[in-house]
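Q: Below, each chain spelled out in residue letters.
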Amino acid sequence: MTLAPAPHVTLLDGFCLHLPDAADGRRLDDLPRGVQRLVAHICLTGRPPRSAIAGHLWPDVPEEHAHGSLRSTLWRLQKTVPGLVEASAGCLALADGVRVDVRELDDWARRVRDPRSCLTEVEVPEAGLLGELLPGWYDDWVLLERERLRQLRMHALEQVAQRFAGAGRYGDAVQAAYAVVRAEPLRESAHRTLVSVHRAEGNVSEALRAYAQFRALLADELGVAPTGQMERLVEGLGVPAARRGDVAATPR
Amino acid sequence: MSEDRSGTLLVRVWLEGGTEHFRARVSAVASDAPDEDRTVAVASSPREVLDAVRGWLDDFTGSRSTTD
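Chains as they are written, first to last, in the numbering used here: chain Y, 1 to 252; chain W, 1001 to 1068.
Among the hints, erroneous ones may be present.
Under 10 angstroms between C-beta atoms, here's a sample of chain Y residues computed to sit facing chain W [what the hints assert, rightly or not]:
id, residue
1, Gly136
2, Arg150
3, Leu152
4, Leu186
5, Arg187
6, Leu208
7, Ala212
8, Met230
Distance windows between CB atoms, simulated [as the list claims (entries may be wrong)]:
id, chain 1, residue 1, chain 2, residue 2, range
9, Y, Pro82, W, Pro1046, 47 to 55 angstroms
10, W, Leu1009, Y, Pro20, 28 to 36 angstroms
11, Y, Thr120, W, Gly1018, 20 to 28 angstroms
12, Y, Asp107, W, Glu1020, 51 to 59 angstroms
13, Y, Pro32, W, Phe1060, 42 to 50 angstroms
14, Y, Glu235, W, Thr1019, 28 to 36 angstroms
Please keep in mind that the hints were generated in silico from the structure rather than gathered at the bench.
What you are looking at is a predicted structure, and each value in this text was computed from that prediction instead of being measured.
Ideal Cβ placement from N, Cα and C applies to all residues, glycine included.
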């Protein structure tokens, strides 16, 4: 039996709703903002009670007004995309089978953390390399989730880079490490991962170059030197001892 | 036209190399430029973070001294 293609909601890099079962496989990224916020909130919170949704989405108005706004927005959603959300008296939830990129990211990170998962189960999904959650949205419930996902993704990418390197998939490992470096250029653990992947592949010059670039960045941005962990990683690779640790002694 | 009088400042902190190396990135989320956080400061000590936050608040409220 073949399952019908399910709607797919993407929240990373911006809101979009893909409806593969429509005749034109349409893509909805121009839903009214209120409808987008309702769908996004349900995607991020699972099966929230109506009262919680109303409070989060309309925090600055009286409760009765917020509930009225929720009913109105839900009506517009059901009219525009019937069947996406299941509404009961007490709560709202996505219909069975609806896919959400954030949930896929969560599932992937869980597999990465699980030492029993095999390499094919931790391939980096598209969601692992996309941008931030709902950029330009300032609601507290978005900001907190954005930071959680950002940390989740960085840790998972570092772990998966190490696993790829251990399996000899150095190219994939380097790409995963660079994705973390792009997310936070000052994050040393990402640079250490990159250096260690180059070392594992036997590319001493690449390892030294990655080290030197990070060291220069730290000196330029913070006026400090890499930590001892990074220095130990490049020991024996030909970095002059005089060069290591001399930044901290330089007046800023 | 109404002027937006709200702001969001995001302080990300972490430790490198165990616990001895403090790092921080202070970013402003501006409603008039929503696509990307704007880095206000990067810091290697809590005091630098406090200075950056104080400077941002002074700018926001318009109370920064002209001699700064």
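Q: Work down the list of hints and note, for each, if the structure agrees.
A: A quick look at each hint next to the structure:
Annotation: interface hint on glycine 136(Y) holds; nearest CB of chain W at approximately 3 angstroms, less than 10 angstroms. Evaluation of the arginine 150(Y) hint against chain W yields a held restraint, the C-beta minimum of about 9 angstroms falling below 10 angstroms. Here the hint on leucine 152(Y) is broken, as its CB sits about 14 angstroms from the closest CB of chain W, past 10 angstroms. Against a cut-off of 10 angstroms between C-beta atoms, the interface hint on leucine 186(Y) holds, since the closest Cβ of chain W lies about 6 angstroms away.
Hint on arginine 187(Y) holds. Least Cβ distance to chain W is approximately 7 angstroms, under the 10 angstroms limit. Hint on leucine 208(Y) is violated. Least Cβ distance to chain W is approximately 20 angstroms, over the 10 angstroms limit. The criterion of a C-beta within 10 angstroms of any C-beta in chain W is not met by alanine 212(Y), whose closest approach is roughly 18 angstroms, and the hint is violated. The interface hint given for methionine 230(Y) is met, as the beta carbon of that residue sits about 8 angstroms from the closest beta carbon of chain W, less than 10 angstroms.
Taken as a hint, the range 47 to 55 angstroms holds for the pair proline 82(Y) and proline 1046(W), whose Cβ atoms sit roughly 53 angstroms apart. Distance hint check: the CB atoms of leucine 1009(W) and proline 20(Y) are about 40 angstroms apart, inconsistent with the given range 28 to 36 angstroms. At about 34 angstroms, the beta-carbon gap between threonine 120(Y) and glycine 1018(W) misses the expected band of 20 to 28 angstroms. Between aspartate 107(Y) and glutamate 1020(W) the Cβ separation comes to about 35 angstroms, which falls outside the hinted range of 51 to 59 angstroms.
One distance hint, 42 to 50 angstroms for the beta-carbon pair proline 32(Y) and phenylalanine 1060(W), is violated here, with the actual separation near 31 angstroms. Remark: the range hint 28 to 36 angstroms for glutamate 235(Y) to threonine 1019(W) is contradicted by a beta-carbon distance near 22 angstroms.
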